[in-house]
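> This is what each chain is made of:
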Amino acid sequence: MAAIIVIAQKSGQPYTATEVAKPEFYFLSIDDNIADSIDYPIEISPTKTVYSYEVWLRFRCDVAPDNQVDNFKIWTTGTLPSGQRITINSTAVTEYQEPTDQKSTQGTRTSITDYTDSNKLSIGGTLTAVGDHSDFMVFQLEVDAGVDPAEYDFTIFYSYDEY
Amino acid sequence: MGWFGNQNIESTPVATELYSRGCKFVVPSGQGGAVQSISWYLQLGEDRGFKVALYDEDLNLLAQGEASLVDEGTKWYTINLTSHPVVSEGSTYWLCGFAETRDTSCYSYRSAGDPSQAFYTSRDNLSYDNFPADPAQIDAYNDYIYSVYCTTVEVEAPTVSTLDAINIQTTQAQLNGEITDSGGVDVTERGFEWGTSPGSYPNSWTETGTFGTGTFSHTITDLIPKTTYYFRAKAYNSEGWGYGSELSFTTSVETKTGSFNFLWKLWQRISSSFLFKWALVKIEKFLHLTSYTLGLQTPTIMSTTSLAPVAGYLDSLRLTLANTGISGQTVVKVQVNGTTKISLTIPASQTSYRTLIQLDSSLIRMGDIITLLISEVATDVNNLDLKVYQRTFDSKIKITHLFNSDGSKEYKSSYYFIQSSYWVAYLSQPVKSVQSCYLITKTGEQSSLTATLDSDDSSKVLITPPDTIVTQDEYQIIINGIDYSDQEFTATKMIYCQDSYSKCPLFMKDITSFMTYLTKGYYQYSWDETNWATLTKISNGQITVDPENSVAGGSSIEGQRTLYLKYRLKRDLYLEEQFSVGYYYTDLKIQIDPDLQFFTWTDFTPLSKIDIYENDQLVKTETLVVGIQGFTDLSFKDLDTLNPKCTLSSGKISFQTQVYSFDTSELSIDVSDAAAHLDEAAFYAVCFDSLDQKLKVVLLSYSSESILVSDISTSRTLITLWVFSLLTNDEGNSVIGFRVRDSYKINQNRLDLTQYTGDIKLIFSDLLGRSKTISYSFLTESLKYDYGLKVYTDDSRTTEIKQGEIHSNSNLFYYIE
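Protein sequences, first through last, are from chains V and S. Going by my numbering, the final residue of the first sequence carries number 237, and the count climbs one at a time with no gaps. Going by my numbering, the final residue of the second sequence carries number 821, and the count climbs one at a time with no gaps.
Quick caveat, the hints were computed from the structure, so don't treat them as lab data. Every residue, glycine too, gets a C-beta built ideally from N, C-alpha and C. Fair warning: there could be bad hints in the mix.
[As the list claims (entries may be wrong)] To give an idea of the interface, some chain S residues facing chain V are shown, with a C-beta separation under 8 Å as derived from the structure:
1) Arg-106
2) Thr-174
3) Gln-176
4) Thr-259
5) Thr-261
6) Gly-262
7) Lys-269
8) Leu-270
9) Lys-345
[Claimed, not checked] Which residues of chain V face chain S? A partial, calculated answer using Cβ under 10 Å:
10) Tyr-114
11) Asn-145
12) Pro-223
13) Ala-224
14) Ile-230
15) Tyr-237
[Said to hold, decoys possible] So the derived label-pair ranges between C-beta atoms look like this:
16) V:Gln-87 <-> S:Glu-449: 15 to 21 Å
17) V:Pro-155 <-> S:Thr-223: 32 to 38 Å
18) S:Gln-439 <-> V:Lys-96: 29 to 35 Å
19) S:Thr-254 <-> V:Ala-76: 18 to 24 Å
20) S:Lys-260 <-> V:Leu-154: 37 to 43 Å
21) V:Gly-152 <-> S:Ser-463: 55 to 61 Å
22) V:Val-137 <-> S:Thr-223: 27 to 33 Å
23) S:Thr-456 <-> V:Ser-192: 50 to 56 Å
24) S:Thr-184 <-> V:Ser-233: 54 to 60 Å
25) V:Pro-88 <-> S:Ser-451: 39 to 45 Å
26) S:Gln-178 <-> V:Ser-233: 25 to 31 Å
27) V:Pro-155 <-> S:Thr-254: 40 to 46 Å
28) V:Leu-154 <-> S:Thr-259: 22 to 28 Å
29) V:Ser-233 <-> S:Thr-175: 39 to 45 Å
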């Protein structure tokens, strides 16, 4: 049976955190894995760079593969408007911490746009059973002062080997 | 390499296309092995086919071969055998040949020998195509020895090459191999073996048969994805297995791809502000500051008194003068900051003279110096009693305000309000949240206010007023909110609420209008009790007043003003109600004392005593009883207490009666309209059966749409219906409030006024069963207004009294005998 691998967002304090799998995730002004950006947009500062709350994602196995799933990679083909950046940890983050809206310190911070089809970012993890999950991908949106208020979206591609 | 047969070239040619020929030989020592070919010394004559066969001694066919030989003269021609049986040394084998028939003859060469060692078969018995012959077809044996021999080789295991795997997938791959040398004999098995470790092949596949050299392949399945397999080809002959070298391949994996999205919204904080002004507020009891006993002779300024600031904010200053016996004329002047605002002359010998001097907020402000100049010519100044009252208020309630969201628009109005618990700012659009709210004075002093969004309407901001507000000053409120529309929001209006927002009855709408919670009906309003305008918008019990339209004085409303309302219960009958606005009638003014101008019900508390004057004469002192006792003791002369809409505000009692008669022992009353407007927790209907003097009380609920009063003693009983609800007064005690409702219907017979000539009786009663019957002559009051009276009796009969048909002191009688 083919495996079912989902992407789940974990939020909340470590001992009460919840994890929700979904296809769309929001950069919000609160730490919440259910709310959407309509209710919790990010306020543009007139003077400084502001940050969304970190979005902690990871691949999770909901239906076990025949053997295993591994070799997770992510990349993007998109570009971000001037003054906005999405960062991600390029080094492994395995221990969950409560998301923050301060500048993320999780792993080595890199821009998601650094990772393209020819330079994919590997995410650690070997999933063999239900509940197994990969390392965390800690995303965060950075917004410089003076950018235009609007609604934005950004697509990130991923791949993994299943066998 | 070995051979057996005869390699000597014999001398006698014999045709070989006419006969198949054979002879047998013994394999010499050391010449055994796998036969490979048979060589025949021939004069071919022309190109032709030539077949050979190998038999054992018993003429069992072991191998055969055929070749298309090219004529190269007389020589040894070699024909390869298709199979390679092993011949053993010392054993005897037959070597046979047969040339294809052509135009010329093909000759073999022979010599004499043992006749048993050779045979021939004629073409008559055996065609070329049917060669090799069955031994039964042999024609005869002879003694020829032919020049023919068979080549043998030493038998070895097959030589195999392992070729690369192809079609490699996640769980299968095609293995390839090649037998490059069968080892001299036929290969009987071939296959592959494989495993996941080098040199270890736990898995094997073979096929059996007769195989020569050449490639072969096999697809292996059930492999593990992403795993390296090591394999080799193999082949087997009589000498054993031959193996190819080890090669490897790695099974593939299934790479799945997908994508996910991030979404976000950026917004900017929008700050908007609006400005408003206000002043005045709550009218409290007069404060008795002091009394003066004057004794100076006239006309001298006898006293200059500067009033000390008092707690709260000055609303007005009032003085009462009572001449208790002075003989001379007395002049009283009131100056504000040195300017005389009021001058009053008290006549001489007015022993019962009492008057009121009032400086309201249009004349005084906080900080003003109030000076009283009193001249006195009386012979006995001790008889002039002066009492000064300052009326203050607690702030927070406005009389004038200004909303100025964009600096270009300003409205002013004045109004009496009771102290408000909330301000409610109406924003131009819903906002997400309120970040902060500030109150800024004209001098730039800023203080934070508590402001929250209305949980039900995010375009309303509930603001908690500050503790101190200076009368008639200007303030600015800044509300910082979050809005997603990328547009500034502005404040469009502001209201002031009492107790709780949900019960707030009064809405100041752009200051040009207000709404109040009143019953359905037909309303008129006035700012001066002279010019009346009709309210055109009545919806869900709320009315909207636009004071700048159609009513004199409305466009220049400033300072403290009182709005008067009157309304009609039925279609054309207006009954006066001096403005009772809001659910809690905040400012009902009743003319009691000509000197005091008016009293406000808010001055009263339960059990307050009221001095009633008539023509300046104290008539009586009444104790106003508010509460469960209802109106049983309320009998002010000249008061419109008989008007069923008489209202007490401070006690939060409003009152309304509906008088109906019916001819039934059961009364059903439609209260659906009333129920739709209920705000209280309980709602009662009271029917008073005048015949048996029973008071029937029915408790309704919110959802009640009708009440059923049964057990009526007899028909033709005068039933008085009150509908009221429980309210809470300032002390938090429950009191009975009679609500104004005009839409109750009796399902059955309606009152036909034309049938009755007696006095209308109103019966006021309370829950203790006490009642009081009063003649009802509201038409007398209605004559104040230029409206006729139209009384609906039932669907088909209407009695209409038009304007002009009603004259003063007219009475409308209806009485149930």
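> It remains to establish, for every hint, whether it holds in the given structure.
Verification of the hints:
1. At its closest, the beta carbon of Arg-106 (chain S) sits 67 Å from a beta carbon of chain V; the interface hint therefore is violated under the 8 Å criterion.
2. At its closest, the beta carbon of Thr-174 (chain S) sits 6 Å from a beta carbon of chain V; the interface hint therefore holds under the 8 Å criterion.
3. With a cut of 8 Å, the hint placing Gln-176 (chain S) at the interface with chain V is violated, because the nearest CB-to-CB distance is about 13 Å.
4. Because the closest C-beta pair between Thr-259 (chain S) and chain V is about 5 Å apart, less than 8 Å, the hint holds.
5. Because the beta carbon of Thr-261 (chain S) sits about 4 Å from the nearest beta carbon in chain V, less than 8 Å, this interface hint is met.
6. For Gly-262 (chain S), the shortest C-beta to C-beta distance to chain V is roughly 6 Å, which falls under 8 Å, so the interface hint holds.
7. A cut of 8 Å between beta carbons decides the hint on Lys-269 (chain S): the least distance to chain V is about 4 Å, and the hint holds.
8. At a threshold of 8 Å, the smallest CB-CB gap from Leu-270 (chain S) to chain V is about 5 Å, leaving the interface hint in force.
9. A least Cβ separation of about 53 Å between Lys-345 (chain S) and chain V goes past the 8 Å threshold, and the interface hint is therefore violated.
10. For Tyr-114 (chain V), the interface hint holds, since its Cβ comes within 10 Å of a Cβ in chain S; the closest pair sits about 8 Å apart.
11. Against a cut-off of 10 Å between C-beta atoms, the interface hint on Asn-145 (chain V) holds, since the closest Cβ of chain S lies about 8 Å away.
12. Here the hint on Pro-223 (chain V) is kept, as its CB sits about 5 Å from the closest CB of chain S, short of 10 Å.
13. Because the smallest distance between the Cβ of Ala-224 (chain V) and any Cβ of chain S comes to about 6 Å, under 10 Å, the interface hint for this residue holds.
14. Hint on Ile-230 (chain V) holds. Least Cβ distance to chain S is approximately 6 Å, under the 10 Å limit.
15. Given hint, Tyr-237 (chain V) at the interface with chain S, holds; its Cβ is 3 Å from that chain's nearest Cβ, closer than 10 Å.
16. Taking 15 to 21 Å as the suggested C-beta distance range, the pair Gln-87 (chain V) and Glu-449 (chain S) does not conform, at roughly 42 Å.
17. Between Pro-155 (chain V) and Thr-223 (chain S) the Cβ separation comes to about 54 Å, which falls outside the hinted range of 32 to 38 Å.
18. Our hint of 29 to 35 Å for Gln-439 (chain S) and Lys-96 (chain V) holds, since their Cβ atoms are close to 30 Å apart.
19. Range check, Thr-254 (chain S) to Ala-76 (chain V): Cβ separation about 22 Å, and the 18 to 24 Å hint holds.
20. With their beta carbons about 26 Å apart, Lys-260 (chain S) and Leu-154 (chain V) fall outside the hinted range of 37 to 43 Å.
21. The hinted range of 55 to 61 Å is not satisfied by Gly-152 (chain V) and Ser-463 (chain S), whose Cβ atoms lie roughly 37 Å apart.
22. The hint said 27 to 33 Å for the Cβ distance between Val-137 (chain V) and Thr-223 (chain S), and at roughly 30 Å that hint holds.
23. Between Thr-456 (chain S) and Ser-192 (chain V), the C-beta spacing of about 53 Å keeps the proposed range 50 to 56 Å intact.
24. Between Thr-184 (chain S) and Ser-233 (chain V), the C-beta spacing of about 44 Å breaks the proposed range 54 to 60 Å.
25. A hinted range of 39 to 45 Å for the beta carbons of Pro-88 (chain V) and Ser-451 (chain S) is consistent with their spacing of about 41 Å.
26. Remark: the range hint 25 to 31 Å for Gln-178 (chain S) to Ser-233 (chain V) is upheld by a beta-carbon distance near 27 Å.
27. At roughly 44 Å, the beta-carbon separation of Pro-155 (chain V) and Thr-254 (chain S) lies within the given 40 to 46 Å, and the hint holds.
28. Take Leu-154 (chain V) and Thr-259 (chain S): their Cβ atoms lie about 27 Å apart, and the range 22 to 28 Å holds.
29. The hinted window of 39 to 45 Å between Ser-233 (chain V) and Thr-175 (chain S) is violated, with their beta carbons roughly 20 Å apart.
Violation of the numbered hints given earlier is confined to hints 1, 3, 9, 16, 17, 20, 21, 24, 29; the remaining hints are satisfied by the structure.
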